[in-house]
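Q: Just so you know, the sequences run in chain order X and G. Residue numbers for the first sequence follow UniProt numbering, so the first one is 1 and each next one is one higher. Residue numbers for the second sequence follow UniProt numbering, so the first one is 1 and each next one is one higher.
Keep in mind that the hints are not guaranteed to be accurate.
A partial selection of chain X residues facing chain G, derived with a Cβ cut-off under 8 Å [said to hold, decoys possible]:
#, residue
1, Val26
2, Glu27
3, Tyr141
4, Thr664
5, Gly668
6, Val671
7, Ser675
8, Ile689
To be clear, the hints were calculated from the coordinates, so they are not data collected in a lab. Just so you know, even glycine gets a beta-carbon here, dropped at the ideal spot from N, CA and C.
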Amino acid sequence: MGPGFAKWIITVAFCWLIQIASGNSVEQKIYVELNNTVPCVRLLNATHQMGCQSSISGNTGVLHMLETDSDLDIILRTGPHAPYMVLMDAGFFNSSIMLRMKNSTRIAGVAVVIPNSGPLEGFSPHNTCPNQHTGVYSDSYGPRLADCNGTIWNRLGNGLSFEDFKFPIFSLKDDNQTGVIRKCVSDHNMGVNGSTPAFPLCAMQLFSHMHAVTSTATCMRRNDIQNNYSLNPETVCDPLGDYNVWAPLRPINSTEKGHKANESVVVAATRLDGRTFFWDIATGAEGTVAGFVTLLAASQALKLTARQAPPPRNILFAFFQGEAFDYIGSSRMVYDMENNNFLIDLENVHSVLEIGQVGLRRGSELWLHTDPVSRRNDTSVNTEVEKLLKNMTSVAAALSLSLAEPNATQPLPPSSFQRFLRSRQIPGVVLADHQSAFNNRYYESVYDNAAYLNVTYPSDLTPEEQLVFVTDTAKALAEVATLVARSLYLQAGGEDSQLDNITADPNIVTQLLYGFLIQSNNSYFRSLTNPEDKSLLESQAPQYYVGVPITANTIKRSTRMVQYLLANYIGNPTSLNQSKCQDPSGMPGESKELYSYLWVRGANGSEPSPFCVRSTVRRTHAISPAFELKQYDSQTYSTWTESRWKLIRARIFLVASHELEMLTLGVGLAVLLLSLFVTYFVSTKADLIFAPAQESTGTAY
Amino acid sequence: MTLAVFFGCAFIAFGPAFALFIFTIAKDPLRVIILIAGAFFWLLSLLLSSLVWFIAVKASNAEDTSLQRGLLIFGVIFSVLLQEVFRYAYYRILRKANEGLAAISDDDSSTISVQQMAYVAGLGFGIMSGAFSMINILSDSLGPGTVGIFGDSQYYFITSAFMTLALTLLHTFWGVVFFEGCEKSRWWVIGVVVTLHLVVSCLSLLNPLYSGSLPPVYVIMVLMAIWAFFSAGGSLSSITQLCSRRMSDVNSS
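Chain X with its partners taken away, still in its complex shape (with noise of 0.2 Å):
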C-alpha cells in the first residue's frame, strides 16, 4: 500500500507535466510492448471463480525460461530472483506442473509459446467429463450414469480450464516477439557456466487485473448493487451467450408462439462453439467447426428435393451457441419451449439428431449413440429409436459408410441432445465418430485446429486456389453430410426413391472448411453475405469462444456467418430490391412473420450481383435461463459469467539491481544534505566572502 500509494501520487502530480512531451521516448527505451498475446481470463460460474489474474498493477517479475526439470527447481525453491515470470515452450503447460507453481508463491505469472500443432500425447486442459452436472445424467435419471460413470469422455482432460490460478498467464504466438523475449532473456538472464546471472536482468510485466470475484452469484449482485445505487455503474461481470441460429424446412408463422397442431418437426442440431484456456482463441476444428460444416453441407443438398417432394414432416435445422459452458444455447432453446416462447413446443418434436465430432473418422466406421434410459422406460420411444437407427444404417449401407452402434448401456456423449431429454422423453440419436472417449486427443484446446483436422494444403497454391483445393477431410465431411441429409429426409418421412438426389457437394464443404478454419475473408464467403457488413469477415481463423455481447446488439461473427450461409442454402432468391429486402411488407408473396430477408452480395464470376435471399433463418438469443430468472446458483441452467477488466497488456524490460537503486538513493541524499550544509554555510558568511562594497550574493558553493 505504501509505497504504492506514494506513487500513485506522484504519478497524479506529474501527470501534467508528462503529458506536455508527446511520445515519450524514454518510455520507448525501458519497454518494449508485447502485442501478440491472449490472456487468460478470469470466468465464474454458480459455485468457482476460475482462470487468471494479476495485480491491480501488474505482476512483475524477473523471466526464467523452462528448459529442463532443474529450471523448475530454481524457480520454486533456489532461484534468488524470486518471484519469477515464466517463459515455458507449450510441452511444460501440462497439470502437474502448473499446479505445482499454482501453489508456489515464487510465481509471478507465466508466458506460454503456442507452436501450432500440439503434443502427440494429446493436450486437454478441459476436465475428463465436460459439462457434467447439466447434462440428463443425474441421481434421478440413469443414476449409475452419472457424472460420467459409464464413461470417461475426454480421458485426457487435465482439467486446467477450471482452476483458479492467483497469477496471469499469457500465451504468446511463436513468432518474432517471441524471439525478441527469448534474446533478452539469453543475454541478460543466463549466467555464465550456470552461475547467478548478473544485473540487469530481464523482466516481464503481465497485467490482467479481473474485476469479479467468487462465483456468478456474487458478482451479479455487485453488478445489482452498482445498477441500483450508482450513478455510472460499472459492471463487473456480464453473462457468456450470443444468438442461436436455427431454421425450419418449411415456414413457421412467427407470431403465434407455443404448439402449433400438425407440426412434426425433426430437430437437426450442432453446436457452434468451443473454447481453450485461454479468453479468445478457440478454433475448435473437430470439436465444433467439423458438426456445424456437417450440418450446412447436408442443409444444402436436402433443399432441391424438399422442393420438389417435400416430406410429410418439417424439419429444424438447430446451430447452438455456448455449448461448451454448460449448454447455454440448447438449454435456453429448450426453456423457450416449455414456455411457449418459441414457435413450437416439445410436443412437435418428433425426434432430433444431433451431429457431434464427426471430423476424426480416418476412414473408420461412424457411431450411433442413443440414450439408454429413455428406451428402457419407454417402449414407443425405444421404438422410433429403432426406426431411426434403421433408416440411418439403410442410408449409409448404401453410401458404402459403416455405422455401429455402442454398448446398449452406454450414455449418451455429451450434447445438446441431453437438454431435451432433461425435459421430454423425445427419441434421437447424436452422431459421433468415437464410440466410447473421444477421438479428439486436443478436446476444447488450442491445437484443435485445421492442421489437427488434416485441412491442409499443398504449399503453392494461392489463397484462391486453396479455397477451391478439395481436401481428403472435405471428401469425407461431405460423406457425412450426405448421411445426415438423407437420414433427415427419410426420417421426416421422405420416401426412399428420391434418396439418390440428396447428395452433399465436397466443393462446398470444402470452401466452408477454408472459410471456417482458414479465413473467412474469401472470395465464397464475400459471395454469401451483406458486402456492406464490413466487420464480418476476417484475414485468419475465426474463434469460437462464445464470449459476451461488447454492447447489446452485437452479435458473434460466426454466428452471423453461420446464418447467412444456413439463408443462402435453404433460402431463395427474390427480385426484391435493398431497400425492400430490408421491409418487404406488402410485396406480395412476401411475409416477415414467414420468412426472414438478408441481403447478399451474390457473385457473376469476380462481380458482384447483389439479391436478396428470403429464407426461414432465424436467431434467438443464446442467454441462459438463469439470468432471465435471476438464479445465478442454478444448478439446472448454465450460469457461467466471464469477468470486466480494464487492461490487458504485456511487456518486457530491464530491471536493476538493488545496489543500484540503493546507490542512486545514497548519492542523492548525499548531494542534497551537502548542499544544503554548503549553501547554508555560504549564505550565512556570504558578507565575508563577497566584496563589502557588492552587497551579498549567494552564489553557489
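Starting from the structure of chain X, add chain G where the hints point.
A: Okay, now just chain G, sitting in the frame of chain X:
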C-alpha cells in the same frame, strides 16, 4: 523498489537548486518574484523554439534521417541562441524595472543589487530548464523497468540526474557572468557564455553516450563557478580571510 531511484535522481537533480532556493531566495519576496519571472522567460524561449522546431519537422520529410539529424542540430543551436536572447531581454527588463521594484519593497534595505538579480534570474532559468530536462525521465524512473533492453547504459537515470544538476548550476553561473557582461558592456563575456552554452548543449548530441558528456560539462561548470565567484565580488583574499577566521575560531575555542 524503483521508488529509490526516483527519489535518488530527484535529490541529485534538484537538491542543490532546492537548497539555494531555501537559504537564499525564499526569505525575500522580491527574489521570489524575480526567480519566477526568470523561469517564465525561459519557458517563453522554449515555447518559441519548440514552435519553430515543430513547424520545421512537420514541413520536412520524416523519412530522411540525415535531414532530421540536421534539423535536430539546428533546433538545439536555435534554442540555445533564443534562450540567450531571452536572457538579454530579461536583463533589459530587470534594469528598467529596478526602480519600480525598489518602490514596491517596504524598506530600502531589501532593494536588490544587479549581482543578486543576476544570480536569482540565472537560478530561475536553471530550475525551469532542469525541470524540463528531468521530469519525463523522473516519471519513467518509477519503473518497474530500467533503461537497457536495447543495449543502452543502465546508468542512464543517474547520469541524466547529474546532467540536470550541472545544467541548473551552469544556468545560474551563466546568469551571473552574463549580467555582469551586460552591465559593464563587455560583449566578449556574453560571447563566451553563448559559446559555452552551445558547447554544453551540443555535447548532448553525442547521446547515447550519456556518461561521455558528463566530464566536459563538469569541467565547464567548475570553470564557470570560479568565474562567477569572482564576478560576483568574491576574491581569494576573502576566502583566506574566512579560513583564517575559522582557524582562529577553532584555536580560541
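Q: I'd like to know which numbered hints this structure contradicts. Please list them from smallest to largest.
A: The structure conflicts with hint 3 only, although it agrees with all the remaining ones.
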